[in-house]
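Peer 1: Residue numbers (the numbering used here), protein chains in the order written: chain F, 212 to 476; chain P, 212 to 476; chain G, 212 to 476.
To be clear, the hints were calculated from the coordinates, so they are not data collected in a lab.
Ideal Cβ placement from N, Cα and C applies to all residues, glycine included.
Keep in mind that the hints are not guaranteed to be accurate.
[What the hints assert, rightly or not] Taking CB as the label site, the calculated pair distances span: (1) G468(P) - K381(F): 50 to 58 Å; (2) R403(F) - G468(P): 40 to 48 Å; (3) G448(G) - P270(P): 36 to 44 Å; (4) R403(F) - R466(G): 46 to 54 Å; (5) A422(F) - S421(P): 36 to 44 Å; (6) T371(G) - P270(P): 46 to 54 Å; (7) G468(F) - R407(P): 54 to 62 Å; (8) R289(G) - N316(P): 28 to 36 Å; (9) R407(P) - R289(G): 38 to 46 Å.
[Said to hold, decoys possible] No farther apart than 20 Å at their CA atoms in a straight line, the calculated lysine to aspartate or glutamate pairs in the EDC-like style are these: (10) K255(F) - D434(G); (11) K255(P) - D434(F); (12) K255(G) - E436(P); (13) K255(G) - E462(P); (14) K416(P) - E361(P); (15) K255(G) - D306(G); (16) K255(F) - D393(G); (17) K255(F) - E436(G); (18) K255(P) - D469(P); (19) K255(G) - D469(G); (20) K255(P) - E404(F); (21) K416(G) - E462(G); (22) K416(F) - E462(F); (23) K416(G) - E387(G); (24) K381(G) - E425(G); (25) K255(G) - D393(P); (26) K255(P) - E330(P); (27) K416(P) - E404(P); (28) K416(F) - E404(F); (29) K381(F) - E361(F); (30) K416(F) - E387(F); (31) K255(P) - E462(F); (32) K416(P) - E387(P); (33) K416(P) - D434(P); (34) K381(P) - E404(P); (35) K255(P) - D393(F); (36) K416(F) - D434(F); (37) K416(G) - D393(G); (38) K255(G) - D434(P); (39) K255(F) - E462(G).
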Amino acid sequence: MAFPIVTLTSDFGLNDPYVAEMKAVILGVCPRATVVDVSHGIEKFNVRMAAYVLASAAPYFPRGTVHVAVVDPGVGTRRRPIVVQAAGCCFVGPDNGVLALAVRNARGPVRFYRITNREFMLPNVSGTFHGRDVFAPVAAHLANGVRAAELGRQISRIRTPGFAEVTRGKRVVVGEVVHVDDFGNVVTNLGREELRWVGARAVVKIRLGSATHELRLCRTYADVERSRPLALVGSHGFLEVSVNQGHAANELGVRSGDRVVLYRP
Amino acid sequence: MAFPIVTLTSDFGLNDPYVAEMKAVILGVCPRATVVDVSHGIEKFNVRMAAYVLASAAPYFPRGTVHVAVVDPGVGTRRRPIVVQAAGCCFVGPDNGVLALAVRNARGPVRFYRITNREFMLPNVSGTFHGRDVFAPVAAHLANGVRAAELGRQISRIRTPGFAEVTRGKRVVVGEVVHVDDFGNVVTNLGREELRWVGARAVVKIRLGSATHELRLCRTYADVERSRPLALVGSHGFLEVSVNQGHAANELGVRSGDRVVLYRP
Amino acid sequence: MAFPIVTLTSDFGLNDPYVAEMKAVILGVCPRATVVDVSHGIEKFNVRMAAYVLASAAPYFPRGTVHVAVVDPGVGTRRRPIVVQAAGCCFVGPDNGVLALAVRNARGPVRFYRITNREFMLPNVSGTFHGRDVFAPVAAHLANGVRAAELGRQISRIRTPGFAEVTRGKRVVVGEVVHVDDFGNVVTNLGREELRWVGARAVVKIRLGSATHELRLCRTYADVERSRPLALVGSHGFLEVSVNQGHAANELGVRSGDRVVLYRP
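If we strip away everything but chain F, and leave its shape as in the complex, we get:
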């Protein structure tokens, strides 16, 4: 490929030099790379938010893209650095759940590798910043055409995080809020399949925290009047609760991680 894409997702913020250090390493190994920031505004140590944001963006990138995700409270401990091959792309990061949602959504065969080959890392691997010393150079070598199997041996599975779980009862489904976006939209881990399961059509009956709401299932925000709440299946395929030109999470008192129950309307 002429211009391989490497994406970055982290909780580093944009004030410190850390993101630039990763880009420096990537461009040193693969000067033709186009590096795209998915987000560095992940809440510190919030693996769930990172997993959601990456899973949301990844399907829009072309085949051959290498995705790096570094939200890594266990840096320097025994958690494994991994590469996942899925949907014609590579996902690079620690095995702590941060890659799990993107991998689960990918179509076709999936292969897992444990990164152990120091030949593809920086000469000095620090104890504090594997994003720069391990994941960035590995990603750049993958972008250069190195095969995942050269990085380490294939493994059979990766850690599955709890935040991806959905429980189905009799016409009831229990999930959780995986993200509150910058507009205040409340994104759940439930989708069209779960709406069908409870038989929701024009109206969605949903419990968020301690309150239950009956909301119109809309196609777009402006389908209700300004400042009115609504439900819709967002462009990422997840059910979200929004307020037209308002901040749903604040107005409904909802936070990331809250339980969500979907009832038969």
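Given the structure of chain F, go ahead and fit chains P and G onto it with the hints provided.
Peer 2: Chains P and G in isolation, oriented as in the chain F frame:
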């Protein structure tokens, strides 16, 4: 052109996956593109701020640049998606005023097109995110050399927003604050022409909100002592009120949208 | 070089059009350039923070990179615009200390030039934004292969800022906090050499502000229990004080600029 430039201006912030999704779509259609963020820190739904920020940055980009602006409270409603050809560049976005200041400042002939050809959009256009599904792929196709006329029919005009208006009286001019920048500089929609109209030279007499100030018209911030207010024509050509190494907007109690009156000094 | 890298460090923030204007100018002069943001989240006018952040990131970039740093409270005054050649790279910015730490850390010969040749600036140099009108075009011309000597005459030295100073006593060293990062890590201007000087090995005895701490010298954050403080030499080579998964600066009441004293443990 070897490396076509596509710029992005939005109110999406940098925490969520939305900006990355737009870049993914652009690079999928036009892998050679250099994507430049103008700003994703536009205040939510603040079309005026987006229009100002884009108009300020656009003149510095080379010919052939494609500018995309998405501040779009009406997404999914009947507001038109448009392309404007001006000054050898293309401007892509909703017809809600967000492109108006950049287009007004452009020299030479201007042409307007309504985007209707679905061939240049994503296969599934959501009701909530035309930035990714319509504007990003359209921009990337323009960067690839597609002509604006292929996107839809030419139209005669676009919406003119109220925030661009300046009223001239007898040696008095009324405008407004179009932007307060991160340093606290208060940027108005008045320029050198309006200063000439009221006869301002070394001193500017200006009403901001409820207070009237007589300020020295300077060439640079350090022309006055630290913490002192001053007026100058900023590098974008607009009259601004600043405080040397201070935050003019907070100290003078001024906000974006406030009325500005310029008097004969 | 195929794809020259130009990096940017500033206190402009990401909301305003200023960073995009610099990138526009760079890409206009050198369309092949890859522009990398080091940080635009430098505290306004905080030359020390900018100097630290640039010095931290610069060593990871490949030879030939052009680094631009613009934290410039004296813009438009007589402070000199300079270019420094060091370690196979160029550093461009005002002579106010912002380049000093990166240059001090660089190996090999160092040359200083004063930028005076207007041929490599924008045709109109404003009094308020030399980042765009002087430093960006100069950097892009350097990326294009222009030699530093063409920009202006060589000079013998640049300004040395006070914030880089370390004082050594009898088994005691006095330095300062140069940065508090987004995770709350407290970064000092002391390193391995100063630890050796005071004879610190497993334990570091350190005064931060008004309190003295005896901290375990660790290899990584997780070497102590969650919420416990520790000392380590960060990946940039500087001694830092951290709290495992906590915010050291808030918990210990430390701010950038605070005095740091290292004692014999």
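Peer 1: Does each hint fit the structure? Answer for all of them.
Peer 2: Each hint, compared with the structure:
1. G468(P) - K381(F): 50 to 58 Å: Holds: the Cβ-Cβ distance is about 53 Å, inside 50 to 58 Å.
2. R403(F) - G468(P): 40 to 48 Å: holds (41 Å)
3. G448(G) - P270(P): 36 to 44 Å: holds (43 Å)
4. R403(F) - R466(G): 46 to 54 Å: With a Cβ separation near 50 Å, R403(F) and R466(G) satisfy 46 to 54 Å, so the hint holds.
5. A422(F) - S421(P): 36 to 44 Å: holds (43 Å)
6. T371(G) - P270(P): 46 to 54 Å: violated (38 Å)
7. G468(F) - R407(P): 54 to 62 Å: About 59 Å separates the Cβ atoms of G468(F) and R407(P), which means 54 to 62 Å holds.
8. R289(G) - N316(P): 28 to 36 Å: holds (33 Å)
9. R407(P) - R289(G): 38 to 46 Å: Hint violated: Cβ distance 30 Å, outside 38 to 46 Å.
10. K255(F) - D434(G): Holds. K255(F) to D434(G) sits at ~19 Å (cutoff 20 Å).
11. K255(P) - D434(F): holds (19 Å)
12. K255(G) - E436(P): Satisfied, since the Cα-Cα distance of roughly 18 Å is no more than 20 Å.
13. K255(G) - E462(P): Judged against 20 Å, a Cα distance of about 16 Å means the pair holds.
14. K416(P) - E361(P): Measuring from Cα to Cα gives roughly 50 Å; hence the hint is violated.
15. K255(G) - D306(G): holds (17 Å)
16. K255(F) - D393(G): Judged against 20 Å, a Cα distance of about 9 Å means the pair holds.
17. K255(F) - E436(G): With a Cα-Cα distance of about 18 Å, the restraint between K255(F) and E436(G) holds, given a limit of 20 Å.
18. K255(P) - D469(P): The given pair, whose Cα atoms are some 18 Å apart, holds under the 20 Å limit.
19. K255(G) - D469(G): holds (18 Å)
20. K255(P) - E404(F): At roughly 32 Å apart (the allowed maximum being 20 Å), E404(F) and K255(P) break the hint.
21. K416(G) - E462(G): Holds - the C-alpha atoms of E462(G) and K416(G) are around 18 Å apart, at most 20 Å.
22. K416(F) - E462(F): Given that 20 Å is the threshold and the Cα spacing comes to 18 Å, the pair holds.
23. K416(G) - E387(G): Between K416(G) and E387(G) the Cα gap is close to 15 Å, so the pair holds against 20 Å.
24. K381(G) - E425(G): holds (19 Å)
25. K255(G) - D393(P): Holds - the C-alpha atoms of D393(P) and K255(G) are around 9 Å apart, at most 20 Å.
26. K255(P) - E330(P): Violated, because 30 Å separates the two Cα atoms, which is more than 20 Å.
27. K416(P) - E404(P): Roughly 15 Å separates the two Cα atoms, so the pair holds.
28. K416(F) - E404(F): Holds, at roughly 15 Å.
29. K381(F) - E361(F): violated (48 Å)
30. K416(F) - E387(F): holds (15 Å)
31. K255(P) - E462(F): With Cα atoms ~16 Å apart, K255(P) and E462(F) stay inside 20 Å; holds.
32. K416(P) - E387(P): holds (15 Å)
33. K416(P) - D434(P): holds (18 Å)
34. K381(P) - E404(P): Judged against 20 Å, a Cα distance of about 14 Å means the pair holds.
35. K255(P) - D393(F): holds (9 Å)
36. K416(F) - D434(F): With Cα atoms ~18 Å apart, K416(F) and D434(F) stay inside 20 Å; holds.
37. K416(G) - D393(G): Cα-Cα ~24 Å, so violated.
38. K255(G) - D434(P): holds (19 Å)
39. K255(F) - E462(G): Given pair K255(F), E462(G) holds - Cα atoms ~16 Å apart, limit 20 Å.
Consistency with the previously given hints fails for numbers 6, 9, 14, 20, 26, 29 and 37, ordered from lowest to highest.
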